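J.: Here are the chains, one letter per residue:
Number of protein chains: 2
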Amino acid sequence: MGVELVAKARAGNRRALARLITLVEAGDAQAQTALAALYPYTGHAHIVGVTGAPGTGKSTLVTQLALHWRSLGRTVAVLAVDPTSPFSGGAILGDRIRMQSLGGDSGCYIRSMASRGSLGGLSRATGDAVKVLDAAGFDIVIVETVGAGQAEVEIAREAHSVVVVEVPGMGDDIQAIKAGILEIADVFVVNKADREGVERTVRQLQMMLHLGSGEHRDGWEPPIVQTVSNTGKNIAEAAAAVERHFEHLKNNNLLELRERERIEREWKMIMRESLLRQLLQRLEPQQYEQLLNHMAERQLDPYAAAKQAIETVLELS
Amino acid sequence: MGVELVAKARAGNRRALARLITLVEAGDAQAQTALAALYPYTGHAHIVGVTGAPGTGKSTLVTQLALHWRSLGRTVAVLAVDPTSPFSGGAILGDRIRMQSLGGDSGCYIRSMASRGSLGGLSRATGDAVKVLDAAGFDIVIVETVGAGQAEVEIAREAHSVVVVEVPGMGDDIQAIKAGILEIADVFVVNKADREGVERTVRQLQMMLHLGSGEHRDGWEPPIVQTVSNTGKNIAEAAAAVERHFEHLKNNNLLELRERERIEREWKMIMRESLLRQLLQRLEPQQYEQLLNHMAERQLDPYAAAKQAIETVLELS
Chain A
1 MGVELVAKAR AGNRRALARL ITLVEAGDAQ AQTALAALYP YTGHAHIVGV
51 TGAPGTGKST LVTQLALHWR SLGRTVAVLA VDPTSPFSGG AILGDRIRMQ
101 SLGGDSGCYI RSMASRGSLG GLSRATGDAV KVLDAAGFDI VIVETVGAGQ
151 AEVEIAREAH SVVVVEVPGM GDDIQAIKAG ILEIADVFVV NKADREGVER
201 TVRQLQMMLH LGSGEHRDGW EPPIVQTVSN TGKNIAEAAA AVERHFEHLK
251 NNNLLELRER ERIEREWKMI MRESLLRQLL QRLEPQQYEQ LLNHMAERQL
301 DPYAAAKQAI ETVLELS
Chain B
1001 MGVELVAKAR AGNRRALARL ITLVEAGDAQ AQTALAALYP YTGHAHIVGV
1051 TGAPGTGKST LVTQLALHWR SLGRTVAVLA VDPTSPFSGG AILGDRIRMQ
1101 SLGGDSGCYI RSMASRGSLG GLSRATGDAV KVLDAAGFDI VIVETVGAGQ
1151 AEVEIAREAH SVVVVEVPGM GDDIQAIKAG ILEIADVFVV NKADREGVER
1201 TVRQLQMMLH LGSGEHRDGW EPPIVQTVSN TGKNIAEAAA AVERHFEHLK
1251 NNNLLELRER ERIEREWKMI MRESLLRQLL QRLEPQQYEQ LLNHMAERQL
1301 DPYAAAKQAI ETVLELS
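Chains as they are written, first to last, in our numbering: chain A, 1 to 317; chain B, 1001 to 1317.
Quick caveat, the hints were computed from the structure, so don't treat them as lab data. Errors might be hidden in some of the hints.
Here are the simulated lysine-lysine pairs, DSSO-like style, with alpha carbons at most 30 Å apart [claimed, not checked]:
#, chain 1, residue 1, chain 2, residue 2
1, B, K1233, B, K1268
2, A, K268, A, K233
3, B, K1307, A, K8
4, A, K268, B, K1233
5, A, K307, B, K1233
6, B, K1008, A, K268
7, A, K233, A, K250
8, B, K1250, B, K1233
9, A, K250, A, K268
10, A, K250, B, K1250
11, B, K1268, B, K1250
12, A, K268, B, K1250
What follows is a set of in silico ranges between Cβ atoms, one per label pair, in the way DEER data are often shown [what the hints assert, rightly or not]:
#, chain 1, residue 1, chain 2, residue 2, range
13, B, D1218, A, Q287, 27 to 33 Å
14, A, R260, B, L1314, 47 to 53 Å
15, A, W220, B, L1314, 40 to 46 Å
16, A, K268, B, A1029, 45 to 51 Å
17, B, Q1286, A, E311, 25 to 31 Å
18, B, W1220, A, E289, 54 to 60 Å
19, B, L1072, A, K233, 54 to 60 Å
20, A, E264, B, Q1030, 37 to 43 Å
Since this is a predicted model, take the numbers as computed values, not measurements. Built from N, CA and C at the ideal position, the CB exists for glycine as well.
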């Protein structure tokens, strides 16, 4: 089923694309067949991560960026990733509002990804959904994360170009400092730049950038672009900054390096999960319960229990 | 070395305690020997998680809670966990300020834990540091997380009782909704309750609690306590609410259940990491590079590469 869906999705069939993403989200054997079929077509899209605290206007900014790139004839997919509880429903709501401005366009695709119970699960599912969109032929895939916690940072940093969104006057300090996202930014956007205090925010960011280390990641100094996403002001400048960063990566052989590192991390994550699954399959339920009981009774520490479980299985095979 | 340190730390030697935490933070073979030695002494402390957005006054609240419990003759350890970049240095600064009010007391111990590069690493190190403090005989171990992202939530939820701190007027909405921490709260503290808008915040929380599901986790309805941590107002009430929650867990056999689930998660995490380490040790560097090259060239997808790597190693053993 996966192989057929891949062909259809690549031919522009939106329903097949949606089903394919649902399929890979599940992360089961079927998902892996589909991913194997589409993997040869990946590696062409520009993956753009957009992150920032709630209230910075990220969603509107992403919509505006998508509209801008569409106006230049480029195809754009947006993955809105929400690691927060399904209780908030934010991603779904935001998705619906945006569908109104972008939904009718066949060169644009929007999809929300909600929390899957664990960080690792969401990270894996997002990475696999990006592969689907990449293989489907989108020029640009935007991964937008709700919030600016460590989880969002870990997801956003898997992109080629990371946009960090700030706004003037959200408390005394730049939000990004607390969230530890200054280091991963390739482009800063100070959104809602028609608000009071914008100069102060820009100055703080500049200071921060120069305090940071003296030299920037990959020899690239992150530009600071002031936008008003509600009116579209400087959206073209923000988009151009993101594209310049991608060119910088390509011209300095950094794209290949980043991709290689990303693939390596992903591969290790998959091996970790797969090994544990195989271990648990081979452990007798009785033995599993016994080890757990011994730990709960403080007779055995978790490291020693892990060692015992692994040794049993390695003898088996 | 670990065994000696454990004996000394349990006898009240603060320097041994500090060295022991540093030792287990490293997560190496020595750390495991130490943890095996101290594990039999764990399982007695009440682990209290405190989380909430930056600016809610968490640190002052935690200091006040610690002073209150000390005044009742209970020993208290505080782990201040900061998953943000070392760039901010917040944990270290906060630590120093608090040492002034609590530092001279032998029944109290404060320690900061900074980011260890990855979520998994910090989570693991925090869990192991809690074991040290538990084994050292502290009655209450407070795990305070900076920020309210998913990472902080995952760390805080490993506690027996989770305190979520809010303040009036931080934007239109309760911060906890965005961060997905409403569900894990056992006690809500609305701090800075002398500020305008406190009634609105309390009302929003109440509404949220009743909207949530109708029934609460473990049959416990999270109380909402209004405090002013700067003046100490209602600190005793907040502490009492936390203690009532612990009694509730004990009286309903829920403590054992929570502990068992926590141990199971921890055990799996350790097995996952250990299995990957053993796999990578057995893979020939040549083969590792070859698989990575094939993935980078899109000839092989990461799931297939993981399967190949694992099959090679399982044949070996």
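J.: Compare the structure with each hint and give your call.
T.: Against the structure, the hints come out as follows:
Between K1233 (chain B) and K1268 (chain B) the alpha-carbon distance is near 42 Å, which puts this suggested pair outside the 30 Å criterion. A distance of roughly 42 Å separates the Cα atoms of K268 (chain A) and K233 (chain A); the hinted pair therefore is violated under the 30 Å criterion. The hinted pair formed by K1307 (chain B) and K8 (chain A) meets the criterion: a straight-line CA distance of about 27 Å does not exceed 30 Å. Taken as a hint, the K268 (chain A) and K1233 (chain B) pair is broken in the structure, with Cα atoms around 50 Å apart against an allowance of 30 Å.
For a cut-off of 30 Å, the pair hint linking K307 (chain A) to K1233 (chain B) is broken: about 49 Å separates their Cα positions. A threshold of 30 Å between alpha carbons decides the hint, and for K1008 (chain B) with K268 (chain A) the separation of about 39 Å lies outside it, so the pair is violated. With a C-alpha separation of about 28 Å, the suggested pairing of K233 (chain A) with K250 (chain A) holds against the 30 Å cut-off. Annotation: proposed proximity of K1250 (chain B) to K1233 (chain B) holds, straight-line Cα distance about 28 Å (limit 30 Å).
Taking the CA atoms of K250 (chain A) and K268 (chain A), the gap is near 25 Å; set against the 30 Å cutoff, the hint holds. Pair hint K250 (chain A) plus K1250 (chain B) does not hold up; C-alpha atoms about 59 Å apart against a cutoff of 30 Å. Proposed proximity of K1268 (chain B) and K1250 (chain B) is supported: the alpha carbons are some 25 Å apart, at most 30 Å. Taken as a hint, the K268 (chain A) and K1250 (chain B) pair is broken in the structure, with Cα atoms around 40 Å apart against an allowance of 30 Å.
Separated by about 29 Å at the C-beta atoms, D1218 (chain B) and Q287 (chain A) satisfy the suggested range of 27 to 33 Å. For the hinted restraint 47 to 53 Å between R260 (chain A) and L1314 (chain B), the CB-CB distance of approximately 26 Å leaves it violated. Evaluation of the 40 to 46 Å hint for W220 (chain A) and L1314 (chain B) yields a pass: the beta carbon distance comes to about 43 Å. Between K268 (chain A) and A1029 (chain B), the C-beta spacing of about 21 Å breaks the proposed range 45 to 51 Å.
Distance hint check: the CB atoms of Q1286 (chain B) and E311 (chain A) are about 28 Å apart, consistent with the given range 25 to 31 Å. Checked against the given bound of 54 to 60 Å, the beta carbons of W1220 (chain B) and E289 (chain A), roughly 28 Å apart, lie outside it. At roughly 58 Å, the beta-carbon separation of L1072 (chain B) and K233 (chain A) lies within the given 54 to 60 Å, and the hint holds. Checked against the given bound of 37 to 43 Å, the beta carbons of E264 (chain A) and Q1030 (chain B), roughly 28 Å apart, lie outside it.
Against the hints set out earlier in the document, violations occur for numbers 1, 2, 4, 5, 6, 10, 12, 14, 16, 18, 20.
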